[in-house]
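Same order as they appear, the protein sequences are chains A and B. First residue of the first sequence? That's 37 in the numbering used here, and the numbers climb one at a time after it. First residue of the second sequence? That's -17 in the numbering used here, and the numbers climb one at a time after it.
Derived by calculation from the structure, the hints in this document are not laboratory data. If a hint is listed, it holds; no wrong ones were tucked in.
Per the computed footprint, the stretches of chain A lying under chain B, defined by three or more beta-carbons under 8 Å from a beta-carbon of chain B, are:
1) 69 to 81
2) 84 to 93
3) 140 to 146
Straight-line distance between alpha carbons at most 27 Å, and here's what the computed DSS-like set of lysine-lysine pairs gives:
4) A:Lys60 to B:Lys83
5) B:Lys83 to B:Lys50
6) B:Lys88 to A:Lys114
7) B:Lys83 to A:Lys104
Computed from a predicted model, the values in this text were never measured in an experiment. Cβ coordinates follow ideal geometry from the N, Cα and C atoms, glycine included.
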Amino acid sequence: DAGVIQSPRHEVTEMGQEVTLRCKPISGHDYLFWYRQTMMRGLELLIYFNNNVPIDDSGMPEDRFSAKMPNASFSTLKIQPSEPRDSAVYFCASRRQGVGGYTFGSGTRLTVV
Amino acid sequence: GNSVTQMEGPVTLSEEAFLTINCTYTATGYPSLFWYVQYPGEGLQLLLKATKADDKGSNKGFEATYRKETTSFHLEKGSVQVSDSAVYFCALRGWRNRDDKIIFGKGTRLHILP
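Only chain B is shown next, with the shape it has when bound in the complex (with noise of 0.2 Å):
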């Protein structure tokens, strides 16, 4: 079945630090991707997503690239702020018709220190 792996947290990094967070996935076909971002407190919220190959998601200084060979999604921003602190769920979504749900990783938990 589907599956999304992400880097486990958390990671402490320093304002104006660039940031990577790994994301691999596991699905047949061509799943849409996406990265969701979880503020204390609040629900989950779209970050960015990418829906093809070779497409690049982008918001906030945030990106990520759908990488169908190395079936990577990973999370990059050069230069964070504590603003970012929060926590980053790498997800998918299946290219099936019936492939409503979508697929969360255990998510990263990012700390910025000033």
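The following block holds chain A by itself, in its conformation from the complex (with noise of 0.2 Å):
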């Protein structure tokens, strides 16, 4: 099993711009997670997703971020435009249906400047 995959995993990019981080979960896993993690706030829920569709997304900061799962083995979360307080390393997790933990992606690391 490969894990839950994230890309890229560090991302650099001008205030402004678009940002795409992508996620793979784990095959068989219904559900997925977006976590955003940095020093001052910890760890804070962004939105997930059960069978694909979005539960709960009373995390996600303001209209500048959207996700989206398309599929069982894809999804995305978006920022547009992208400000420097939005640096942080981004975290994608997916779980089975029961009583156990999520599998985390290694995250990746974003900075905007």
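If you follow the hints, you should be able to join the two separate chains into one complex; please do so.
Right, dumping it as structure tokens:
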């Protein structure tokens, strides 16, 4: 099992540019979560999907952020336009229905200059 | 709402010392409890879990017991190694059918000195 795969690992972009982060969950997992991690705020849940349907997006900071899951094997998190305060590590995680925990990807470190 | 409180770090210990990282939670019913570990530059990894009261989760020498009477899930290890240096997160998931998301504590950074 390849685990949860995120790309890119690192992204440096200029303020105002569009950024797209990608995630491939583990095959057979029906939940997918997007988290943001910063020193100041810790781990924040942005949005999660169940069977490709967004269930809770209350953590999405503002309209500049959007997430999609067009199929069971792919999700994107888009920031448009990006701002320096969006700099963080963004994690994707997935899990199967049941009492287990998540499997996290290695994260995308985003730097907006 | 559900919440997790864990001791603030950093925690610095010498190799072979005994480790305790405290974690308490607030939740209704019988949440599932987890400890995750994050090594530098990596994502979080599930370390251990417990799904009902008095359960003990264990892995790699780490243990934690689900104590409903004290709403606690403290992480312990009898003899730490330099390789245990990482950030440790206590977490819970609610027990209702719609409680799909995991709530994480703020993390405790652990430094082990050789």
